[in-house]
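**Q** One letter stands for each residue in the lines below.
There are 2 protein chains.
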Amino acid sequence: MRKGDGEEEEEQVVNPWEVSAGKGGIDYDKLVDQFGCQRLDAALVDRVARLTGRQPHCFLRRGLFFAHRDFNDILDLYEKGEKFYLYTGRGPSSEALHLGHLVPFMFTKYLQEAFKVPLVIQLTDDEKFYWKDLTVEETKRLARENAKDIIACGFDVEKTFIFSDFGYIGGAFYEKMARVAKCVTKNKAVGIFGFSSEDHLGKYSFPPVQAVPSFPSSFPHLFAGQDQLRCLIPCAIDQDPYFRMTRDVAPRIGYQKPSLIESRFFPALQGENTKMSASDANSAIYVTDSAKEIKTKVNKYAFSGGQDSIELHRQLGANLDVDVPIKYLNFFLEDDDELEHIKKEYKEGRMLTGEVKQRLIAVLSEMVARHQRARALVTEEMVDAFMAVRPLPNMFC
Amino acid sequence: MRKGDGEEEEEQVVNPWEVSAGKGGIDYDKLVDQFGCQRLDAALVDRVARLTGRQPHCFLRRGLFFAHRDFNDILDLYEKGEKFYLYTGRGPSSEALHLGHLVPFMFTKYLQEAFKVPLVIQLTDDEKFYWKDLTVEETKRLARENAKDIIACGFDVEKTFIFSDFGYIGGAFYEKMARVAKCVTKNKAVGIFGFSSEDHLGKYSFPPVQAVPSFPSSFPHLFAGQDQLRCLIPCAIDQDPYFRMTRDVAPRIGYQKPSLIESRFFPALQGENTKMSASDANSAIYVTDSAKEIKTKVNKYAFSGGQDSIELHRQLGANLDVDVPIKYLNFFLEDDDELEHIKKEYKEGRMLTGEVKQRLIAVLSEMVARHQRARALVTEEMVDAFMAVRPLPNMFC
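Residue numbers (this note's numbering), protein chains in the order written: chain S, 1 to 397; chain L, 1 to 397.
A couple of the hints might just be wrong.
Copies of the same chain look alike in the list, so a pair counts if it works inside one copy or between any two.
As the list claims (entries may be wrong) - Restricting the straight-line Cα-Cα distance to at most 27 Å, the calculated cross-link-like pairs of lysine-lysine (DSSO-like) are:
id	residue 1	residue 2
1	K132	K188
2	K30	K159
3	K344	K300
4	K116	K295
5	K132	K257
6	K132	K186
To be clear, the hints were calculated from the coordinates, so they are not data collected in a lab.
Based on the sequences and whatever the hints tell you, model everything.
**A** Rendered as C-alpha cells:
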C-alpha cells in the first residue's frame, strides 16, 4: 500500500510467518471475514459450559479464543456421546517459550480435561529448519526442549502423543502427506501462503506436513480403524491458512474436515501491534524469567494506557484498549470479579498504572514460578514416554 | 517449435517424464552437450577392464552406457583400494517390466559383481503416485511386484538393500530430504524439471526424494560413520536432471557429489524415436511374454532396416542404423563375434530380415524364459529379506 502524507494506513498482514497490525492494532473482525471463519459467540460458550458441566476456560469466557470453524459440529457429536481428538502444535524455533506460546497449550489442556479426549501435539522442527537459519540437529534439540515446557503444562501422558516431524514422519503419515500434496497445486499454495519463486522447495513441501495430523489415520498406533474420527484444532488464528487448505483437501481424500477454535494473538509488552517475538527478549516475558526480570520488564516495557500525570489520570482514567497490563491480566488473572474490579477502578482513574502492574507482576511471577517448578520435574524419561509411538488405551476415559 | 511446410524439425525433449526424439532419432551427442555430462570413451572402458580384471559388460563395450559424470573419480578411488556404493532405482508404474526396464538392473548387477560393492535400489512409489492416476495402495503393490523382477535379475541379498519410498522414508532419510529441499529454489526446480504453476505440491516435493539416496547417511543401517563414501549411479540418461540437481546441492550440505554412468534408451519395437512404452503392449517385449508372443511381436512389429524385396535387399543390404532387430541384438546377443558376423552379413544383403529376426526371437525367448524361471523362485520372504532395514556386514566383500 502506498504510504501517502498524513493518511498512511498500513494493511494488516496475518499469516503463519508474519503478523503485522494495521494502525489501530489487529482488526480481528476483518480477519474473521477475510479468512471466512466463524465468530465464537456467547451462545456457543454457554453450550460448552452446559455440555462439559464446568465453567469454560477464561480464554473462552473472555473472547480470547474468538473464532472457529465447525466447532458446533464437534459439540453436536460430543452431545451424542461420540468421540473426537485434539491436535495442536508448535514450531520449535527458540529455547525458551514466552507466555504467548503457552496460551494454546493451556487452552488445549483445558479442552482435553473438559471433553476427556486424546491429543496429538506436533513439533514442526522441519518447518523451523525451512524458515529459520537453524541446522536440522538444532531444530531437533529445540523440539525436545520445547516438549519439556509443553509437558510442564500438565498434559496427561495416557491421552497425549507428542511427536516431532523429523522423528515421526514416515509410513502412514508420509502417505497422507503425499495424498494432500497431490491435491494442492503450486498456484493454490502461492495463493494461500504467498510463497515466492525464490522460496525453496522445503517451503513448498511443508503445508501437507502440518495438514495431515488432522487425519486420524496418520496415527495408526492411536486411531486404527477410526478413519472418520473428527479432529478439533486449537490454535492462534495465524495458523488458519494451513487448515483452510486442509479443510479443502479433506473430503477429496476421504476424511472429515478438521474443526478449529482460534485465538487472538498474545500482545508484546510494547503493545498490541504484533505477536510477541521470541527474538526480542524485552518484548516478552519468558517462562525462564526470574521474578526480578518479570518485575523489571513489566515496569519498564509494558505499554500503559494510563495518563501522563497522576492528576490527569485521576481525572481521565486509563485507556484499557491499549493498556498491556490489562491485556495480560485478561489472559492470566483467573478471578473474573477481581479482573472486572481492576478494570473499572483503572478506567475511572482510581487505580494507577503502577498498582495494576504490581498485580500483574504478582500474577505472572506466580504463574512462571509454577511453570518452572513443573518444568524442573520433567525428566528425559518423561519426554520419551510422551513421544513414544504407542497405543493410548485410556485416551477416551 | 513452429511446424513450417517442408522443413519441419521437432526438437528433442528428454526429461524424466518425456523422451521425444527429433526427426533422426535421439541425438545423444547433443544430449551430452546439453546436459553437460561427459562421453564414456574407449580408454575409460579399457580402464574398467584392467581394474576389474574381467571383460566389461557388453552394454559398456558397445557404448550403450555412453555418458558419465566423474566415473573416472570412482575408478581412481577403486584403484587406491577405497570403497563406494551403487544406487539405482525404478518408478513402479506398471505390473510387468519390459526389456528396457531390465537394462539398468542387468548393468548394475554387473557393476556390483565386478567391483564387489553394496547397492541400494529405490522404488519411487511416491513419484508414480504423484505423476500417474494411481492410488497409494496400488503404487505400493506395484513396488513390491517390481521388486520381485529386480531380485530375479540375480542381485546378492548380502550386498543389496531394496526400499520403497512409502515404506522407508523417515528418520535420517527425511532429514536429508529437508536439507536438499532447502537448497533448491522453486525457480531452480522449474528450470531443471519444467514444473508448471498448475502442477501440484507433490511434484515440487519429489526431487529431493530421488536425490538423497546419493548420500550415504540416508542409510544409517548401512553406512554409519561413512558420510564421505562415494556413490555411483547407473541409470538411463533421462534421469540426469535429478542428479544434476543433486550434484549441485551435495557440496553445500557436506556430501560428495554422486558419480553417474548413463545409458541410451532401449528402443520401442517400432523404432528408435522413443523409449519403449509400458502402456502400449505392442511397443515392447515384456518379461511376462510367452515365446509365442515374442515371436509374433518381433515378426510383426520390429521395424526392419531391410529392403522391400529380396532382390533389392541382396543388392543394397540392410540399413542397420534404423533396424530394430539389430539394435536389440546389440543389447542382448552377448557373443561379439556372432553379432559382428550378423551385422556384416545383414548389411551386405546376404542375410535377410527374417533370418535376423529368427536369431533375435531365439535370444529374447531364452532371456525372457530365464527371467521367468528366476522370477518364479522369488518368494515373499525373499522380498522381505531384500527390503529389511538391516546392516549388510559382507557388503564390501
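**Q** Now look at each hint and say whether the structure bears it out.
**A** Each hint tested on the structure:
1. K132 x K188: This pair counts as both: shortest intra-copy Cα distance 24 Å, inter-copy 20 Å.
2. K30 x K159: Answer is neither: 36 Å inside a copy and 62 Å across each miss the 27 Å cutoff.
3. K344 x K300: within (24 Å within a copy, 95 Å between copies)
4. K116 x K295: neither (37 Å within a copy, 69 Å between copies)
5. K132 x K257: between (30 Å within a copy, 26 Å between copies)
6. K132 x K186: Close inside one copy (22 Å) and across copies (18 Å); limit 27 Å.
Checked against the numbered hints above, the structure violates hints 2, 4; every other hint is satisfied.
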